[in-house]
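So the protein sequences, as listed, match chains A and B.
Numbering-wise, the first sequence is residues -2 to 286 according to my numbering.
Numbering-wise, the second sequence is residues -2 to 286 according to my numbering.
Any given hint might turn out to be false.
Because identical chains share one entry, a pair is satisfied inside a single copy or across any pair of copies.
[As the list claims (entries may be wrong)] Calculated cross-link-like contacts (lysine to aspartate or glutamate; reagent style DMTMM-like; alpha-carbon spacing at most 20 Å): (1) 98 <-> 157; (2) 139 <-> 29; (3) 231 <-> 285; (4) 231 <-> 58; (5) 237 <-> 144; (6) 269 <-> 100; (7) 139 <-> 213; (8) 250 <-> 194; (9) 139 <-> 24.
Derived by calculation from the structure, the hints in this document are not laboratory data.
Number of protein chains: 2
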Amino acid sequence: MTFAERLAADAGLIEAHLSAALAGRADQPVTEAMRYAVRGGKRLRGFLVLEGGRMLGVPEDRAIGAAAAVEALHAYSLVHDDLPCMDDDDLRRGQPTVHRKWDEATAVLAGDALQTLAFELLTDPALGAAEVRIALVTGLAKASGIDGMVLGQALDIAAETAGRALTLDEITALQAGKTGALIGFAAEAGAVMAGADPRPLRHYAAALGLAFQIADDILDVTGDEVRTGKRLRKDAGAGKATFVSLLGLEGAKARAAELVAEAEAALAGYGKGAANLIAAARFVIARDN
Amino acid sequence: MTFAERLAADAGLIEAHLSAALAGRADQPVTEAMRYAVRGGKRLRGFLVLEGGRMLGVPEDRAIGAAAAVEALHAYSLVHDDLPCMDDDDLRRGQPTVHRKWDEATAVLAGDALQTLAFELLTDPALGAAEVRIALVTGLAKASGIDGMVLGQALDIAAETAGRALTLDEITALQAGKTGALIGFAAEAGAVMAGADPRPLRHYAAALGLAFQIADDILDVTGDEVRTGKRLRKDAGAGKATFVSLLGLEGAKARAAELVAEAEAALAGYGKGAANLIAAARFVIARDN
């Protein structure tokens, strides 16, 4: 299976698992909003869980709950990020954002319940022994809370009122929290389930996560709003420092390519088994959405 | 130790555990807002964890992580409930609400990170074997997500736009989610940690939770804003059905007393060991804040 086929197949598996997890819940607008919010997207984080697992011998029917959990957590963060008091976005994955389609209260609650769902999904016995599941809960909590994703979002808000553009180190730290921590958890989850050394996947994910964000900044400048399904050119309009404003467009592309090479090198020991993860790293900087 | 002394002592233990859990985290307004949001309050849910545990032989230094987790989860729900798009409250526990003291974005993020913290606290090895901790994570997720607390909040929002007052059954279902589910988890947590039959504590908590909400509705009518530290007379102003509007003030008081008797009966098998939990049930309908 090529990387593109694998990514699409995994997205289908994750979609089905999330649909099943949300079936039979209370018939309320909040439940509908949760289903809406977990639909679509590339599912790159969920793919990292499944493919990292496969590379280390964890079958996808064992890993799928963790992949779905990461995507539920990511969906919650998008719903809350899009709120008027946060990024105030009307469009996400080419569709109206949750607070535009319903209202703000529904968006707050749907995001809240998607975070809860993420942790609930990690309790699935199919994921392994209780020790493994607790390690996954611990990892997801650290990646997504005040030491991880929320810290990145807090640094992002602080940057907007700092009265000066961030330095390269500051932006790198911000992104390590905002995007990097959850990508890191996703990539390492396979090693947690397999009981394998998590360090190669950790190094891979650190490089991949930063490359992903640099590519996002490049897309913000060069991308197409129809293809990306979201509003672009926000950063330049807001006078925010980005990897592109700090490194220049060519410099940013060169740095992203360097990081992809680092991600590949981190997995060199796994030979052909790492092929799809390496293709994912290349995809991250080549994507147009 | 009398119940009042025990409640105060447990509040101190929980406060200390939450302070320690939030020490050494990133120095950001969101972190400050999290510390602020977990301060104060009666800590009734945390007390239920600790006292339910003590009744079944679980020492408090083993149960404290679960008590702190329940209080972190409760604090997140209050921060988000107070948001302008939800209940739009300026005052909580006699202090400005988080979005009034900071801003809405900080309140959204602090609430989000407090939910994450709650699950992180449940991974503490002191709580017991991994199986026990996973059972606690499962229980907290079910109590707080779309099957529990968020469902209650969704029903509350739906009630506001229903164009008619709710029936007694509908209000009871709403409260079973909004307040009852988390109180139920708190009371059962001791049985989960002890590996004991959770049913007596479950029955106790179901009666206690409903009595608690009826008492809240009574306080909304008869209470003092200075003592309660929050805005009152909201429900009557909004024309919302409450236990008082449906049963009358005396009828509501009688129903609450009945429920306290049910809560006592559920724990009859534990003899003196249940004294503080029984006192808690009496306190719930006698409190003035």
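Checked hints:
1. 98 <-> 157: between (27 Å within a copy, 19 Å between copies)
2. 139 <-> 29: Between copies only: 18 Å across chains, 28 Å inside a chain, cut-off 20 Å.
3. 231 <-> 285: within (17 Å within a copy, 51 Å between copies)
4. 231 <-> 58: neither (40 Å within a copy, 50 Å between copies)
5. 237 <-> 144: Classified as neither: same-chain Cα gap 23 Å, cross-chain 41 Å, threshold 20 Å.
6. 269 <-> 100: Neither, since 48 Å and 50 Å both go past 20 Å.
7. 139 <-> 213: Neither way: residue 139 and residue 213 sit 24 Å apart in one copy and 36 Å across, limit 20 Å.
8. 250 <-> 194: Classified as neither: same-chain Cα gap 31 Å, cross-chain 60 Å, threshold 20 Å.
9. 139 <-> 24: between (32 Å within a copy, 16 Å between copies)
Checked against the numbered hints listed earlier, the structure breaks hints 4, 5, 6, 7, 8; every other hint is satisfied.
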